[in-house]
Structure formats: C-alpha cells, structure tokens
Amino acid sequence: MTVTSSNPEILSELDRPNSYIGKVVPRPNLGRLMQGRGLYVSDMELPRMGHVVFLRSPHAHANIRGIDAVAARGVPGVIAIVTGKELSAIITPWVGVLSHLKGLKSAAQHAIAIDRVCWQGEAVAAIVAVSRAVAEDAAELVRVDYEELEAVTDMRTALDPATPVIHPSLGDNLAFERNLDAGEVDAAFAGSDVVVEADFIFGRHTGVTLEPRSVVADWNTAEERLTIYQGTQAPHMVQNIAALHLGLEELQVRVVCKDVGGSFGIKVHIYADEMATYALSKLLRRPIKFVADRVESFNTDIHARDHRCWGRIGVGRDGVITAFEIDDLTGIGPYSMYPRTSAIEANQVVNLVGGPYVTRNYRARARVVFQNKNVMCQYRAVGHPIACSVTEGLVDLAAARIGMDPVEIRRRNLIADNAYPCASPSGLRFELLSHHAAMNKLMTMMNYDALRAEQAELRSKGIHRGIGIASFIEVTNPSAAFYGVGGARISSQDGVAVRLDAQGSVICQTSITEQGQGSESLTAQIVGSVLGVSMERVRVILGDTDNTPYGGGTWASRGAGIGGEAALQAAKILRGNILDVAAAILQSSAAELDIADNAIVNAADGASRMELRELARIVYFRPDTLPPGVQSELMATRHFVPREYPFAFTNGVQASWLEVDTDTGFVKLLRHWVVEDCGTLINPQLVDEQIRGGVVQGFGAALFEKCIYDERGQLTNASMADYLVPMSGEMPDIEVGHVVSPTSETELGAKGAGEAGTAGAAAAVANAVNDALRPFGAVITEIPLTPQLVLTALGRV
Amino acid sequence: MKAAAFAYARATSVGNALQLLETYGERAKVLSGGQSLMPAMNLRLVSPELIVDIGELAELRGISVSGGVVRIGALSRHVDLLKSPDIAEHAPLLAEAIAHVAHPAIRNRGTIGGNLAHADPASELPACMVALKATIVVRGPAGERRVAAENFFTGIYETDLSARELLISVELPMAGKNSAHFFHEFARRRGDYAMAGLAAQAIVEEGAFTDLRLVFFAVGDRPVLAKVGSGLLGRAVTPAELATASSALGKELDPQDDQQASASMRRHLAKVLLARGLSALLGRPDLHAGVRA
Amino acid sequence: MIVPLSISLEVNGERVDADVLPRVNLADFLREHLQLTGTHVGCEHGVCGACTVRVNGEIVRSCLMLAVQTHGASVQTIEGLSDSGEIADLQDAFRDRNALQCGFCTPGMLMAAQDLLKQQTEPDREQIREHLSGNYCRCTGYQAIIDAVETTARGRRTA
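Heads up: the sequence lines are chains H, V and A, in that order.
Take the first sequence: its position 22, counting from 1, is numbered 23 in the working numbering, and each next residue is one higher.
Take the second sequence: its position 28, counting from 1, is numbered 30 in the working numbering, and each next residue is one higher.
Take the third sequence: its position 67, counting from 1, is numbered 109 in the working numbering, and each next residue is one higher.
Quick caveat, the hints were computed from the structure, so don't treat them as lab data.
Remember, predicted model here, so these are calculated numbers, not experimental data.
Ideal placement from N, C-alpha and C gives every residue a C-beta, glycine not left out.
Wrong hints could be hidden among the right ones.
[Unchecked claim] Residues from chain V that face chain H, not an exhaustive set, calculated with beta carbons under 7 Å:
1) 4
2) 143
3) 188
[As the list claims (entries may be wrong)] Computed far set for chain A versus chain V, every beta-carbon distance over 10 Å:
4) 60
5) 61
6) 100
7) 157
8) 159
9) 199
Can you build the whole structure from these sequences, using the hints too?
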C-alpha cells in the first residue's frame with residue numbers, strides 16, 4: 002500500500018512547497034516544559050486559596066453512622082469541614098448511564114458519600130485549610146463512626162444469589178450485559194478440525210499519571226461565575242457537567258486547562274472529589290485547590306481492565322479460522338463512571354474480538370458487574386488490549402495445535418487489503434485497512450526468518466527466547482456514535498478559529514487539548530502549511546472554554562483526525578479571505594496569487610508581492626485605502642465531525658522478542674517492533690513517540706502492573722514502591738514502521754495513533770512468552786506475567 | 003501526603019545526639035540520610051515528636067583502613083562506598099552490592115548507618131555485613147558496644163540497637179588471600195527491593211572452600227546465614243552435593259508470602275542463587291548447569 | 043508549639059534566607075516558598091524522581107530531604123540549570139528528539155541525565171537506562187530520552 006488519495010487534487014493545500022505535513026518539526030511548547038516554566042494546575046496559587054483534603058473511607062463497604070469533626074475544627078488554619086450531606090445542598094448527584102447501552106444501570110453518586118461508602122477511598126468529608134499539611138492534620142482528628150458491611154469483591158460471585166446487592170434499588174449487581182451472535186457459530190465450531198479454548202485473565206491496573214489529578218476551583222460570588230482550572234482532556238464536557246450539577250448556566254462556568262502532567266484517559270472523567278471541589282468553592286466563596294496525593298490517586302483514579310474472558314476459536318487444518326466465541330466478565334466498582342459510563346470497555350471487547358480476521362461467525366457475551374472496589378472506566382486503548390490479547394492468544398493457541406507458524410495462520414485469515422470497505426461480524430465498518438501490507442513490512446523489519454533460526458539455535462543451548470505476533474485494529478476519530486447518541490453532552494465535533502493578527506502572524510484557537518501528544522504542534526503545522534506561514538508565526542491557544550470554539554477535546558485518538566481537519570478547513574477559508582483582500586490591494590485576482598513564506602506571492606512564478614505583515618497593516622490600520630466595498634475578514638472558523646463512518650479504524654501489527662529465564666521466571670524484553678497505519682502522518686516523529694509510549698504502557702500491563710485487592714476490598718499496593726510501573730531499565734528499544742492508508746472522509750486523511758501501541762503490546766508479549774515456553778508445554782493466559790506466574794506455569798514452584 | 007508536625011534538632015555532637023535520644027526515647031527518630039525515614043513520614047506511617055538530625059556529625063564520617071580492618075563511619079553514604087577505592091579493594095562484595103541499592107539520587111543521600119539501623123530484611127547491606135563478619139559499633143548512655151552483625155539484626159525493621167543508642171560505625175575484616183565473593187539478587191526492576199538475594203564471601207583454595215558464608219536476604223525476617231555453607235567446606239563440590247545442599251537450604255529457610263512472591267517462590271529463588279553462587283565462586287559452570295533448583 | 047527555623051542557603055546562585063517549619067520538605071520549600079515550580083512532585087515517597095534537584099552538586103530527591111537540612115547548602119533547580127546554559131545542549135537534544143510529552147518528568151529527568159553526563163563522557167545505552175532508572179516517565183517509553191542523552195554525550199565529546 003502506498004500513499005494514495007482517491008482525489009489527488011484534494012491534498013493540494015497540504016502539498017505546498019513549504020508544507021510541514023509529514024515533516025519532523027519540534028513541538029513549539031517544549032521550551033517552557035524543559036525549563037520548568039510550564040504551568041500545571043498543581044503549580045497554581047490564587048489569593049485566599051484554600052486547600053482541600055478528603056477524608057476517605059478505610060472500608061470497602063460501610064454505613065456512615067456519624068461524623069464528629071469538633072476536634073478537627075479546632076485545629077488552627079482549618080477553614081471548614083464539610084460533610085456529604087452539607088455539600089448536597091450545593092451540588093446534585095449523578096447517574097452514569099448512556100441510553101444506547103441498553104439496560105445499563107447504576108446508582109446515584111454524590112460528590113461526598115452521605116450515608117454509605119462503597120469503596121475504600123470514597124470521600125466521606127472535606128477538610129479545607131490554609132495548607133494541605135494543616136488539612137491533613139485536621140483530617141486525622143475527624144472521627145467517623147462506620148458500620149462495616151460485607152464487601153462484594155470477587156466479580157465471579159457478584160451475581161450469585163448469596164452475594165449482597167450493593168445497590169438494593171437496582172435489584173442485582175449486574176450493571177450491563179451485551180450479547181451478540183453473528184453468523185453460524187455452532188455449525189462453524191462443529192465443522193472445525195480443531196477447537197481451542199482458554200480463560201484469559203487481566204490484572205486491574207491504573208494510569209499513574211505523573212501529575213496527579215489536580216483542580217483549582219474559583220467561584221467569584223460577585224460575578225456569579227466559576228472558573229475551573231483543571232488538567233482535563235475535555236474542558237467543554239467539564240463545563241457542561243459542572244454547570245448542570247451546580248445549577249448554573251454554562252455561561253457561568255469557565256474551564257481552563259493549562260499544562261497537564263499526563264492523562265491517558267485518566268483525566269477525561271468526572272470524579273466525585275473534583276465535583277466536590279467545585280461545590281466547596283461555591284459554598285465557601287473562595288478558590289479551593291485539590292491535588293490528589295499518590296496514595297489517593299491509586300485509590301480513586303479510575304482503574305481499568307479487570308476482566309476475565311473465556312474464549313474459544315475453531316480452525317481447519319488449513320489454518321482457516323471458522324469462528325470465535327467469548328464470554329467476558331468485568332467488575333467495575335460500585336458505580337458506573339460519569340458521564341462516559343463503565344460499560345464501554347466490555348462493549349469494546351465485544352466489538353473488537355476477531356476484528357482483524359475474515360471469519361463471519363462470532364458469538365459474544367459480556368457482563369459488567371458492580372463490586373466494592375474503586376471505579377473502573379475508560380483508559381488508553383479502551384477494551385483493545387483485552388480484545389487483542391484474547392483474539393491473538395487464541396490464534397496462537399490454534400496455530401500451535403495445528404502446527405502452523407503464527408505468521409502463516411494470520412496471513413490466511415487477515416482481511417485482504419483489497420476487500421474494503423467491509424464490516425466485521427460485530428458491525429464495525431472498515432473504510433480501508435492494510436493488515437497484509439503491515440505484516441509484510443513487519444517481517445522485513447524484524448527479519449522474521451533469521452530470528453526464528455536464532456531462536457532455534459539458542460533453544461538448543463538452553464536459552465529460551467520467544468517471538469510473539471499480534472495484529473490489531475484501533476478505534477479512532479469517534480463520531481457521536483460513541484457518547485452523543487446515548488445522551489451524553491460530550492461533543493464529537495471540534496472547532497478551530499484562525500485569524501491573522503496585525504503583524505501578519507496567525508492566532509489559532511482550537512477545541513482540542515494538549516497533554517503532550519502534540520496537539521499544539523500538529524495544529525500549527527497544518528495551519529502554517531495551508532496559510533504559507535512559518536510555524537513560529539502561528540500561536541495556538543487551547544484548553545479554555547472562554548477562548549476556544551466548542552468541541553470534544555483530546556481523547557479516543559481524535560485530536561489529529563478531527564481537530565486537525567477543522568484546522569485545515571478553517572485555514573483554507575482564511576487563506577481565501579487573505580487572497581481576496583490581497584487581490585484588492587494588488588489589483589490582481591485571488592487565483593493569480595498565493596501565500597508562501599509569510600508573503601503574498603504570484604501563483605505563477607512565486608515572486609513576492611507583499612509581506613503578510615504589510616497586508617495586515619493595511620487591513621487593520623488603513624482600511625480607508627481599500628477599494629470601496631471591500632471588507633476583509635481575517636478570521637475564520639470551521640468545525641468538523643466525521644459523518645460517513647462512525648469511527649475511523651486503523652490497524653497494525655506488533656512483534657515482541659524476549660527471553661524467559663526458566664529458572665527464575667523473569668522475562669527480559671529484548672526488542673519490539675510495531676507497524677501501524679494511521680493514514681496521513683502529520684508529524685512522523687510525534688506518531689512514533691505516541692506508539693512507543695503506548696507500547697510501554699502495554700508492557701506495564703503485560704509484565705508489571707496490577708492493583709492488588711484483598712478479599713475485604715482493601716487495595717494493598719497503593720504506592721509507587723508497590724505498584725510497579727515500567728521504568729527505563731527494563732524497557733527495550735522499539736522500532737516503528739508505517740503503512741499509510743489515508744481516510745477519504747477528510748482532506749487531511751489522518752486517523753488516530755494514540756492507542757495503537759497499547760492495543761497490541763501485551764498480546765505480543767504474552768504470545769512471545771508462550772512461544773518461549775512451548776518446549777515445556779506451559780501456556781499462560783494471564784497478565785501481568787510475573788515471575789511467580791511463569792514459574793507456577795512451569796511447575797517449578 | 004505531608005509529614006505530620008515534628009520538632010527538629012541538629013545534633014552538635016554524638017553526646018548531644020545521645021542526650022536528645024535519652025530524653026525523647028521512642029518519641030524521637032534519628033535522621034541520617036532519610037531515604038527510608040522520609041517516605042515513612044511523608045506517608046504518616048511514622049510521626050515522631052522530635053527529629054534528631056545527625057547529618058553534621060563529622061566523627062561519624064569517613065572510611066579508613068588500618069590493622070586489617072576497614073572502618074566505615076555510619077554517615078558514609080552509598081555513593082561514598084561505591085566510589086571508595088578502599089571498599090573496592092578490601093570489601094569488593096560490598097562495592098558490588100551497593101550498585102543494586104536503589105538509584106543514584108537515593109545513593110547520594112542514603113547512609114550505611116541508616117540502612118543498617120532500618121534493617122529492612124530485603125536490603126542488601128545487612129546481608130553483606132553478615133557475610134563479611136562485620137562488627138557494628140554502637141554508642142549509648144552506657145558507652146560503646148560492639149555487636150557482631152550476625153547478632154545485630156533481630157527481625158523485620160528490628161535490631162539490637164535501642165532507641166537511646168546511635169550506630170557509630172561498622173568494622174569489616176579486610177578480604178584476605180584467596181577470598182572470593184558473589185552477589186546477586188532477583189528484583190523486578192532495577193533498584194527495587196529484591197524478591198531474593200545472596201551475598202556470599204568465601205575463601206577458595208585449590209578448588210575447595212575453606213570458608214564460606216552464604217547470606218540470603220529477602221527470604222526471612224533478617225539476613226539468613228545459611229547453615230548449608232559449612233557442609234561444603236574442604237572438598238570439591240559435586241553436583242550431587244549441591245543438590246543435597248539445595249534441598250537442605252529449602253528446609254532451612256522460612257520465607258513469608260507477599261505480593262511479589264510466595265514463600266515457595268522465594269525458597270526456589272534462593273536455591274537458584276545457591277547454585278549460581280557456588281558455581282561462580284568455584285568457577286565451575288558445570289555445577290550450575292547440572293542442577294535444577 | 044513547633045516554631046519555624048531560620049535557614050540560609052544558596053538557591054540557583056542567589057542567597058535565600060527563610061523561616062521554615064521542620065516538616066517542610068525541600069520540594070515543597072522550593073515550590074511553595076520560593077515559587078520554583080519547575081521542581082515537580084509526583085509521589086512524595088521517593089520513587090518517581092520528578093522532584094530531583096541538585097544539592098551541593100549532587101542529585102537528590104527533594105521530597106526525601108527536609109528544607110532545614112539544606113541550611114548552608116547550595117541548591118540548584120531546573121530553573122537554575124536552564125538559566126546558566128549548563129544543559130542547553132541537552133535541552134536541544136530533548137527538543138529535537140521529542141524526548142518529552144507532558145513534560146512533568148522532564149525537569150527531574152534532565153537533572154538525572156546531566157548528572158550522568160558529568161560523570162561519564164561515553165555512556166552506552168544500558169548505562170543511560172541504568173542511571174535514569176529511578177525517574178518515571180509515563181509518556182515516552184524512555185527510548186527518545188535515551189536517544190537524546192546519547193546524542194548529547196556524543197556532541198560534548200566532539201565539542
């Protein structure tokens with residue numbers, strides 16, 4: 002597959018001589034971050050600001066019989082101690098459901114628990130003081146009388162009649178169930194030469210953003226306006242929800258998002274403690290700052306991926322996959338998160354299993370249950386790592402059973418590159434994917450045959466290395482099909498406004514946000530390319546509901562594809578407007594003119610006619626010299642949302658090369674390769690780094706990360722010393738390659754790339770470990786692949 | 003989280019520090035490098051009334067060699083030990099072990115005295131002290147005491163040191179002729195506490211051990227000087243003997259289950275370390291290859 | 043009643059006199075008393091490396107040191123290293139290689155990287171990984187950072 006577009010003319014705006022598209026250019030915002038001169042919310046201080054600390058439940062499930070804060074109120078420096086009941090007069094509760102997820106139910110959740118706590122870490126009181134330290138001193142003196150209740154912790158027994166129902170009004174602990182039956186599954190299995198099944202177990206893990214969740218809420222009672230400074234991926238969503246539950250108009254709420262210390266989906270949700278902080282500011286009429294500490298981050302940042310998924314696959318001796326079937330079970334904590342809900346991950350698993358393959362026969366059941374643990378919700382690559390691990394794990398098991406090479410079995414089943422458009426059995430519509438081209442490229446990059454030979458030779462010396470392959474698809478550029486259709490006020494469209502300033506530079510306001518992915522850079526690259534303006538003369542403003550167009554923000558790999566297209570379209574309009582006024586000044590026609598290198602030039606020979614700086618001077622300061630009737634419009638706004646396809650699917654394949662020490666169970670990652678296809682590459686370096694970072698997050702899941710709960714619902718490893726994240730010492734170098742299949746739905750042709758790395762990394766690693774262990778007959782279908790797990794599988798401990 | 007409030011005293015002499023400890027007893031904590039104490043205070047797991055900062059006490063500094071003994075002042079930092087030519091020459095086991103302790107920024111602050119007094123059973127240095135037959139020098143209201151490292155560590159975070167005493171220095175006999183050492187640990191990530199580790203010091207003459215101290219760590223409540231070492235002295239070790247020793251070691255150790263590893267896993271890893279250690283100390287790859295722990 | 047103690051130290055070459063409560067750690071002192079917010083706080087238990095600064099020329103975790111312990115010391119933060127130009131080449135290499143995304147780990151990462159480069163002129167990739175192994179980055183996957191440090195070392199050898 003090559004870079005082609007069905008309509009070559011359509012890319013003309015981007016193929017200009019000084020285009021930044023496809024080029025590696027440094028991000029414009031790096032200087033301040035490298036010099037320690039960024040502004041993260043945790044850095045902010047406002048006059049009269051109070052610091053809030055939340056007293057959190059030590060129990061997974063308990064009734065609150067009373068709260069005695071008398072002693073705590075006496076601590077010097079304490080401003081207020083507020084209970085859930087008191088705060089409920091300011092802010093209303095919410096229920097995290099979406100209407101298109103039929104049957105999804107959840108209970109009303111309050112900003113601070115009122116009568117009952119449902120997980121260890123749920124807030125029971127807010128202590129506001131002049132400093133965090135003083136608030137913590139006071140928190141130690143607040144006495145809460147708890148009546149401990151039985152905790153529901155094991156998802157496997159959550160639906161048993163003997164298990165207590167966490168929310169009696171809901172009738173049972175089942176939050177959501179989805180069933181799918183496509184094709185002729187029973188007949189396909191009956192006709193298969195081989196049927197293989199396995200239970201896949203995924204450790205519950207969490208995002209561990211280096212900057213914890215942080216918010217400063219500033220209610221100005223004179224203006225009756227709330228300004229929320231928050232590290233969020235979706236400022237307009239926060240604006241809508243804060244206004245809704247505080248009884249305000251959206252006009253009364255401004256959300257400002259400066260630098261954000263990592264997000265990965267952790268910071269795209271509405272958290273009870275953040276809602277409480279907004280309400281406390283309104284109640285106390287002063288700015289309130291909440292910065293989660295690391296322990297409460299582990300206890301309250303959303304968790305993800307706690308799934309147990311049984312799966313089976315049928316194949317013929319020829320390697321043709323006949324059918325997939327899965328039964329997925331996941332425990333999401335006591336509430337479905339607001340407003341995106343906690344049913345999306347299981348729903349995605351159902352959608353995505355078998356996604357890269359041709360077979361039409363697919364049956365799935367997914368059940369989502371409540372439990373007394375921290376809430377689970379969408380985190381980078383929602384559902385993808387589970388679907389990919391199950392699918393690719395089953396494919397490898399089937400290949401091993403029929404004695405076929407794992408690459409060969411995939412080649413026999415991956416959707417052909419010329420079969421598009423087409424749809425999956427679960428109804429996903431694929432515009433254009435490139436599985437085979439990606440696999441071919443991967444084989445070259447990793448020199449697969451040579452690596453297999455090396456593996457065999459080392460095996461004869463007692464060194465056990467494995468190769469693991471994982472093909473995957475990724476959901477990007479979501480339309481309203483994700484949330485909007487279910488009733489959530491989460492915008493799927495984004496807007497960009499561009500204007501020429503009085504010195505001929507460009508100010509660009511976009512509704513997508515930046516958490517390090519490169520939103521600012523890609524916007525400047527696109528706008529600069531279309532306008533013929535150098536990047537250093539483009540200033541990008543984002544993360545401020547007062548000062549950007551309305552839009553969704555940055556999540557679900559949508560910033561480049563949707564926000565980038567809006568930038569492209571807005572810049573095109575502005576370019577036309579600039580050329581119109583230039584034509585009037587130069588007594589020429591717009592068609593005869595172009596913009597290049599910050600100047601109006603002749604379209605024909607490129608000769609410079611007028612600096613943009615001069616054009617701006619005339620327009621803004623001497624409009625009297627323009628011909629009669631010419632009114633220039635040097636600002637343009639465009640919005641964009643995909644309409645034809647609900648999602649722009651991308652695809653790719655990953656390979657892992659690793660060594661297992663069969664004496665100790667330790668896994669050493671040696672090399673890793675990724676080939677992915679996200680359509681047009683706006684900045685290849687940024688794409689590669691998204692892939693690498695995503696892969697390493699997948700390595701964390703594969704080898705290290707797990708929130709370990711005991712049977713009473715206590716999180717036992719809530720510190721960075723005990724919850725193991727990937728560090729530089731154990732990570733390998735990762736080689737990234739691309740196939741480029743632009744989407745025709747936009748002129749830009751870009752799809753998302755933020756989650757591809759995470760989607761397939763764990764599956765590749767798990768397959769590689771099993772490949773290494775094949776001589777021992779050991780198979781592991783659980784992550785993280787700890788030394789303990791490996792040695793247990795080998796029968797050594 | 004932020005540390006709870008405490009008073010702070012910068013000790014001006016060992017005597018001054020001991021006076022403060024005498025007055026406050028269990029309510030005081032000695033601040034040396036602070037690399038274990040500060041996290042505990044920041045998490046409010048420890049909330050002392052008084053912090054006695056001994057960081058300025060010059061008499062607790064320095065590494066010196068005389069009379070066949072290496073003397074290491076309690077305030078010697080990990081980085082000092084790592085860079086010391088004396089340690090490299092006379093106690094290479096220690097130099098090798100230090101490289102496994104945490105990370106550079108931690109090693110720039112953490113001290114040997116603080117590490118030993120903290121007595122984390124998964125820490126490298128207590129095991130090295132036992133392997134190297136160190137003497138721990140302690141001063142208290144009644145004067146100075148000298149405690150053999152083997153007797154110093156008494157449990158998880160517990161030592162022979164009382165709340166009114168200060169660890170002053172450690173003394174190591176210089177590594178002699180034909181001495182050999184082995185250090186290895188299994189940690190999930192670089193710088194993490196080990197799931198199991200072995201610090202071994204030996205004398206090897208003509209292919210046989212004449213002295214062998216195998217000290218395992220992270221497999222018990224304190225460093226464990228394995229009894230099996232003494233059974234391997236004075237003759238060529240055969241794979242069969244190693245197998246016997248390995249199984250005896252399994253019986254000797256009594257590790258605990260935790261999140262990282264079950265007791266049987268730790269026992270298993272100790273056996274792997276035994277095989278790898280003996281094989282390395284004797285320069286006998288056949289031993290290692292011949293045994294499946 | 044616990045009272046603040048007077049301390050005198052040098053921060054980024056400027057003399058600082060302050061009264062500070064004993065419980066205030068160096069990270070919070072720099073951030074809240076001196077408004078040097080380039081030093082970040084990620085875990086407060088010495089694991090993440092975001093708060094790495096230099097004290098008397100050596101890198102330390104500023105969350106694991108009391109401000110009162112820096113009495114008489116010289117402290118350097120990312121702001122100081124940036125203004126002096128000491129790490130300009132390292133910062134350029136980070137920019138060119140996109141060795142940071144959200145940037146929250148970056149000040150600590152630059153501190154640790156410069157510490158290595160001062161000690162070793164030809165670190166290999168393993169040594170770089172080892173020296174940075176106590177600094178957590180969730181965004182990059184580390185490879186770009188290792189590349190940037192390697193490039194800087196090469197540049198300094200030929201400079």
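Going through the hints against the structure:
Annotation: residue 4(V) was flagged as interfacial toward chain H, and the flag holds, the nearest CB pair being 4 Å apart, inside 7 Å. Given the 7 Å rule on beta carbons, the hint for residue 143(V) is violated: about 33 Å separates it from the nearest Cβ of chain H. Look at residue 188(V): its Cβ gets to within about 6 Å of chain H, closer than 7 Å, so that hint holds up. For residue 60(A), the condition that its CB be more than 10 Å from all CB atoms of chain V holds, with the nearest at approximately 14 Å.
Consistency note on residue 61(A): stated as away from chain V, and its beta-carbon is indeed over 10 Å from all of that chain's, at 13 Å minimum. The Cβ of residue 100(A) does not lie farther than 10 Å from every Cβ of chain V; its closest approach is about 5 Å, which violates its non-interface assignment. Some Cβ of chain V comes within 10 Å of the Cβ of residue 157(A); the nearest lies about 6 Å off, and the non-interface call is violated. Separation of residue 159(A) from chain V is adequate, the least Cβ-Cβ distance of about 12 Å exceeding the 10 Å criterion.
Distance to chain V confirms residue 199(A) as a non-interface residue, since its nearest Cβ pair spans about 21 Å, more than 10 Å.
Violated hints, listed in ascending order, are 2, 6 and 7; each of the other numbered hints is respected by the structure.
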